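Student: In the order they appear, the protein sequences are chains W and G.
Letter 47 of the first sequence, counting from 1, is numbered 47 in the working numbering, and no numbers are missing.
The working numbering runs 368 ahead of the 1-based position in the second sequence.
Among the hints, a few may not be true.
To be verified - No farther apart than 30 Å at their CA atoms in a straight line, the calculated lysine-lysine pairs in the DSBU-like style are these:
id, chain 1, residue 1, chain 2, residue 2
1, G, 501, W, 93
2, W, 190, W, 297
3, W, 92, G, 390
4, W, 239, W, 53
5, G, 566, W, 154
6, W, 191, G, 506
7, G, 494, G, 506
8, W, 89, G, 494
9, W, 269, W, 297
10, G, 531, W, 186
11, W, 212, W, 186
12, G, 390, W, 186
To be verified - Listed next, the stretches of chain W that the computed footprint assigns to chain G, with coverage defined by at least 3 CB atoms under 8 Å from CB atoms of chain G:
id, stretch
13, 145–156
14, 173–187
Hints were generated in silico from the structure; no laboratory data involved.
No experiment lies behind these values; they were computed from the predicted model shown.
Beta carbons are placed, not taken as given, at the ideal position from N, Cα and C, and that holds for glycine.
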Amino acid sequence: MILATLQLKNVRIYNALTMQCHPKLNIIIGNNGQGKTTLLESIYFLGLTKSHKTHTDQQVIQTGQEFAKIQGVFNLNPTPIEMSVIISKVGKKANYNHIEYSRLSDYVGQLNVVMFAPEDLDLIKGSPSERRRFIDASIGQLSRPYMTYLSHYKRLLKERNDVLKMMQKQRINDTVLLHVITDQMKHYGKKIINERTQFFHALEPLFKRLYKELSNEFLKVNMGYEPSWDGVNNHVYEKRETLDILTGNTSLGPHRDDVFFTIDQTPVKDIASQGQIRTMAIALKLALVERVLEVKKHYPVVLLDDVFSELDESRQHHLLNYLQQGAQVFMTTTTLAEPLKNRITDYQSIEIKNGNIIRSVRHGTTTL
Amino acid sequence: MKYPEALQLLIDQFRRYPGIGKKTAERYALFTLDRFQATDYDVFRDTLKRVQDEIKPCLQCGNLTDEERCYVCSDSNRDHSQLLVVEEAKDVLVIENAKTYKGLYHVLGGVIKPSAGIGPEEIRIKELLSRLKDPRHKEVILATNLSDEGETTALYIDYLLSKTDINVTRIAHGLPAGSDIAYADEITLLKALEGRKKINR
C-alpha cells in the first residue's frame, strides 16, 4: 500500500494538516519539537491503532481537544482506499474504505508498517516488556487470530491472578476454580507460544543475514525466542502453583516471554558496543520488513525516525538503497546532509515548522 | 432548560434503564405527562407493585415465576432426565421460544468472574448439585455464554460433576444457522472447524 495523502486533525501539535506523499521516499526536515516524529507516529497509528511510544492512546489528542483524527488515502490502482482512526477520550474507531471495524483486531494488518526509532536500542538492551511490545505489534499485523488470542489470554491471566490473590489472603481455597481458569489460560497461552515460535523461526535467519550485510563483521550473532514456559510441560506449571499462590501472581507464561540476542554466544548486554547494539536494532527491524514481504507479498510502509544521524555515510547509503527496492519510506532528519542528498534523486522533501508544512518540494521523475 | 422537579425525577428513573439515554428518557417522561389518563397512572403503579410482590425466582430452577415453581418445573410432561444450565432467566425465555427443548432448566443467576468478586459461591452452583441428587436427572447441558467467563463457569461445573455418573455436555460453538461461510469471522470459523463432526448417514 502506498500512502498518497495523510490528513491529521488535533493530533499533538497539528491542528489540521494535509500532506501529499511521494510514493518512494519522503524526507521530513525540521528542528526538534516541530512535529516530525508525530507524522511518523500518525502513519504507525493508522496501521496498528497504537502509538509506537506512548502506552495511552489519549496522549496523541491535542491538549484541550475532545478527539484526534488520522486519515490516509492509499493509491491502489484503479481505486483509492481510505483508512482512518479516530481517537477520543472514550476509545477509538477505525475505518477501512468507509467501513467501521467494531473489532480493531480485524482492522489491523491491512496497512503494514515498520518503524525504526531511536528507542529501538531498548529492544536489544532494555527490559523484556519492550521486546514483548515488539513481538505483539509485529505478529499482530501478520496473523489475525493472534490479537484475539492475546486479549483472551490477558483477561484470563487477570482472573487467575485475582484467584491467586484471594487464595493468598486465604479468603477462598478453591483449587478447582484455580485449575479451571489455569487450563483456559494455558489454552490461549499455547496458541500464542506457537505463533511466536513460528515468527522467530522465520525471523532468525533474516536477522543474521541482515546483520552481516550491515556490519561487515565476522562475529557470530544470534537471536531467538525465549519462552518462559514451553507450552507443553504441564508439570512445571503445577510445580509453580504454591509459589504463585504465595506471591499472588502467575510466574510462567507468554506474559513473561523474552527474546535473546548474542554475539559469539555471549549475551549482548554484557559485551556489545553501542554501535553493535544499534546495528542489531536496525537488522531486527529490517528482518521484520522482509518477513512482512514474505507473508503479505508486499512491502510495509517504512518509517525511519532520526535513524540516519547515528549511522556513518556508507551505512546510510546501504540502508536507503536496500529499502528503496520497493518500500515507501518516510524519514525524519534535522538537516539533509550533502553526501546523502547527492546520492538520491527521486524523493520529496517536506519542511516542517511548528505543526505546519512550510515547504514541500518534489525531486526527480516519479509522478503520482 | 430546567424541568420541574417531579418531571426531572421521572426522567432520571427512565435513564436507569439499559440503552436509554438522556433524549429518550425525556421523550418517555413527556409522553407520560402528555398521554397518560388518571387510570393509566393507576394501572402503571399497580403493575409495578405486582411485579415487585409477585415475581420471584422458581424455588427449584431459578427461572422467573409468580408461583412457588415455574411452569416448566411444574409441567409433568417435561423430560426430567435433562437439565439445561443457563446464566440468566432471560436465556430460558429464548430457549422456550424455540420450542424444541423438552427438558428442565437451571438458572445460575450469573457467571464466575473472580475479578468482579463473583466466585462459585455467589451463583447457584450449590443448588444445582443438590438438585442432581435426584436420580431422575441424567444429563446436564451447559449452555452458559461462549465468553471467557461463561467458559470458566461451564468448565468448573464439568469438573465438579466429573466424578459422578451424570452425563455432562456443552452446547456447540460455530456458525449461525443459515449463515454464509464467506461472511464468518476467522475466530468463529476456527471454532466451527475445531467442533466439526461426522455426518450421520
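Student: For every hint, state whether the structure bears it out.
Tutor: Hints, verified against the model:
A C-alpha spacing of about 51 Å is found between residue 501(G) and residue 93(W), which places the hinted pair above 30 Å, so the restraint is violated. With a C-alpha separation of about 27 Å, the suggested pair residue 190(W) and residue 297(W) falls inside the 30 Å cut-off, and the hint holds. Between residue 92(W) and residue 390(G) the alpha-carbon distance is near 23 Å, which keeps this suggested pair within the 30 Å criterion. Distance check on the hinted pair: residue 239(W) and residue 53(W) sit about 37 Å apart at the alpha-carbon level, beyond 30 Å; violated.
Distance hint between residue 566(G) and residue 154(W) is unfulfilled; the C-alpha atoms sit about 34 Å from each other, more than 30 Å. With a CA separation close to 35 Å, the supplied pair residue 191(W) and residue 506(G) exceeds the 30 Å bound. Note on residue 494(G) and residue 506(G): the hinted pairing holds, with a Cα-Cα distance of about 17 Å set against a maximum of 30 Å. Note on residue 89(W) and residue 494(G): the hinted pairing is violated, with a Cα-Cα distance of about 43 Å set against a maximum of 30 Å.
Distance restraint check for residue 269(W) and residue 297(W): the Cα-Cα separation of roughly 35 Å exceeds the 30 Å cut-off, and the hinted pair is therefore not satisfied. For the given pair, residue 531(G) sits about 23 Å from residue 186(W) by alpha-carbon distance, which is consistent with the 30 Å threshold. Using a Cα cut-off of 30 Å, the hinted pair residue 212(W) and residue 186(W) is violated, with the two alpha carbons roughly 38 Å apart. With a C-alpha separation of about 44 Å, the suggested pairing of residue 390(G) with residue 186(W) is violated against the 30 Å cut-off.
With a threshold of 8 Å between beta carbons, the proposed coverage of the stretch 145–156 of chain W by chain G holds, since 5 of its residues qualify and at least three are required. With 8 residues having a Cβ less than 8 Å from any Cβ of chain G, the stretch 173–187 of chain W passes the three-residue criterion, so the hint holds.
Figure legend: structure checked against the earlier numbered hints; hints not met, in rising order: 1, 4, 5, 6, 8, 9, 11 and 12.
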